[in-house]
Each structure stands twice: as C-alpha cells, then as structure tokens.
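*Asks:* As a plain string of letters, each chain reads:
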Amino acid sequence: GAGVSQSPSNKVTEKGKDVELRCDPISGHTALYWYRQRLGQGLEFLIYFQGNSAPDKSGLPSDRFSAERTGESVSTLTIQRTQQEDSAVYLCASSNRYTQYFGPGTRLTVL
Amino acid sequence: KNEVEQSPQNLTAQEGEFITINCSYSVGISALHWLQQHPGGGIVSLFMLSSGKKKHGRLIATINIQEKHSSLHITASHPRDSAVYICAVEETSGSRLTFGEGTQLTVNP
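As they're listed, the protein sequences go chains F and V. Here the first sequence is numbered in my numbering, starting from 1 and rising by one per residue. Here the second sequence is numbered in my numbering, starting from 1 and rising by one per residue.
Hint data in this document are derived by calculation from the structure and do not stem from the laboratory. Cβ atoms here follow ideal geometry from the backbone N, Cα and C, with glycine treated the same way. Any given hint could be a false lead.
One-sided excerpt, in silico: chain F residues whose CB lies under 8 Å from chain V [claimed, not checked]:
#1 Phe65
#2 Pro104
#3 Gly105
Sample of chain F residues lacking proximity to chain V, with all beta carbon distances greater than 12 Å (derived) [said to hold, decoys possible]:
#4 Ala2
#5 Thr13
#6 Gly16
#7 Asp18
#8 Glu20
#9 Arg22
#10 Glu44
#11 Arg64
#12 Thr70
#13 Gly71
#14 Ser73
#15 Thr76
#16 Gln80
#17 Gln84
#18 Thr99
Distance windows between CB atoms, simulated [unchecked claim]:
#19 Arg97(F) / Gly28(V): 15 to 21 Å
#20 Arg22(F) / Val44(V): 19 to 25 Å
#21 Pro61(F) / His69(V): 27 to 33 Å
Pulled out of the complex, with its shape left as it was, chain F reads as follows:
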C-alpha cells in the first residue's frame, strides 16, 4: 500500500514569506507527527496529533509555526514569516501505534 507522502519535496522561499507543507499519512493511522532536521543535526519533534485529542504542540519552536490535521487524514504545517534558521528538512510520520512510518520529507530553504 501507499506510504506517507509529503509535498512539496523541495521548497525555496524568501525570508519573510509564509510556507505551507503537506503530509498525507497512511490510511487508518490515527497518529501523525511532524519533525524537523536541520543540516548536520539530529531530528527534533515539532507537533503530534492523535485522533480527536488536542495536539501536543510542545515542540513548536515559535508562534510562527502552526499545524492542522483534518480528522485522521491530511496535515499541513504552516510557517509564517520564514527566517533563515527555519531552513531544514521537515519530516512527517504516521503511526499505527506500534511503528512510525516516515515520509520522504520536504526540504525547505529560506534565502
């Protein structure tokens, strides 16, 4: 079956612009996670959705970052007024409670 997909695969934007990243999880997976990986660094947790529960937003680095999820399907991560330090690969994962399946990521470059 289809895995986790993300779009776009690459995004180049100018400092100060808003960007929206999309994640399509595996059908039936109730949990969805967003992570970030800056160049040469480890993975950082951003936000976690579980079913209809309130999301765990504890990893969001600033109020410029927000995410939404429609039911148990698509999620979008929005970064407003992008800064150069936002440049990273943004990874989405979905889970069947036992294993997290990662998408290919969106590489964001802020000029």
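Let chain F serve as the given structure and place chain V on it in line with the hints.
*Replies:* Chain V only, in chain F's frame:
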C-alpha cells in the same frame, strides 16, 4: 526530559565485521526505536522494542529496561549498511519520539 545518548558518534568498519551501536536514556520509557537514515535522507524504522530482543535478518536489537540501555548489532556487515542509525524513545505509548544524535556507520569493502 529524556536524554538519549548514542555511542559511538562515528564508526568505520570493514565488510564482514560485527558492529554494535549503543543507546542509553535517562527516564523510563514505553518503547525504544531504532531507525536507519540513508544518505539520501529517507528514514526507515528498523525495530520497536519494549523488552528483550528482536532479530530481523542480520540486525539484532536488544534492550535492558533496568539499565536503560539498548544495543543494535549488525552481523556480517556490508557496504550497503552504511547509513546513520538513530535511537529514539517514546515515554508513553504512541507519544512523541525523543531522538539520539545518531551514529554514522561506514562499512568499507
């Protein structure tokens, strides 16, 4: 906050060697994950452990809950095993992962 430490940070081996990567964490967990990140960036989940030992092909993962320690072993290593191996823990079932810094493994032919 859980601290996850991996060792070594970098590891170079010759093809055929037995490899061990270690992971320790500071706070009780519900599960530990081993992930593999390929040079192109894709991440694959190798194992999820809550106790004991799991084996898949040439890969073996063990966890000691009392000692808060896990190991990933690769037997008969091959150049295609070259990747970054990442240990991650979840403190409660299904929750966010806290990641180690990763171990860069290079297996030379």
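*Asks:* Given a cut of 8 Å on the nearest C-beta pair, is the interface hint for proline 104(F) held or broken against chain V?
*Replies:* holds (6 Å)
*Asks:* For the restraint on glycine 105(F), tell me whether the closest CB of chain V is nearer than 8 Å.
*Replies:* With a minimum Cβ separation of about 6 Å from chain V (threshold 8 Å), the hint on glycine 105(F) holds.
*Asks:* Beyond 12 Å from every Cβ of chain V: is that where the Cβ of glutamate 44(F) lies?
*Replies:* Its Cβ does come within 12 Å of chain V, the nearest being 8 Å, so this is violated.
*Asks:* For alanine 2(F), is the shortest beta carbon distance to chain V beyond 12 Å?
*Replies:* holds (15 Å)
*Asks:* Grab the minimum beta-carbon distance between aspartate 18(F) and chain V and tell me whether it stays above 12 Å.
*Replies:* holds (24 Å)
*Asks:* Can you tell me whether the CB distance of arginine 97(F) to glycine 28(V) sits inside 15 to 21 Å?
*Replies:* holds (19 Å)
*Asks:* Is it the case that arginine 22(F) keeps its Cβ farther than 12 Å from each residue Cβ in chain V?
*Replies:* holds (18 Å)
*Asks:* Beyond 12 Å from every Cβ of chain V: is that where the Cβ of threonine 13(F) lies?
*Replies:* Correct as stated: the minimum Cβ-Cβ distance to chain V is 19 Å, above 12 Å.
*Asks:* In terms of Cβ atoms, is chain V entirely out of 12 Å range of serine 73(F)?
*Replies:* holds (18 Å)
*Asks:* According to the definition I'm using, a residue is off the interface if its beta carbon is farther than 12 Å from all beta carbons of the partner; does threonine 76(F) meet that for chain V?
*Replies:* The claim holds: threonine 76(F) sits with its nearest Cβ about 19 Å from chain V, beyond 12 Å.
*Asks:* For arginine 64(F), is the shortest CB-to-CB distance to chain V above 12 Å, so the non-interface label stands?
*Replies:* holds (20 Å)
*Asks:* Threonine 99(F) clear of chain V by more than 12 Å, beta carbon to beta carbon?
*Replies:* For threonine 99(F), whose nearest Cβ neighbour in chain V is about 5 Å away, the distance does not exceed 12 Å, so it is violated.
Going down the numbered hints, you'll see the structure goes against 1, 10 and 18, while the others check out.
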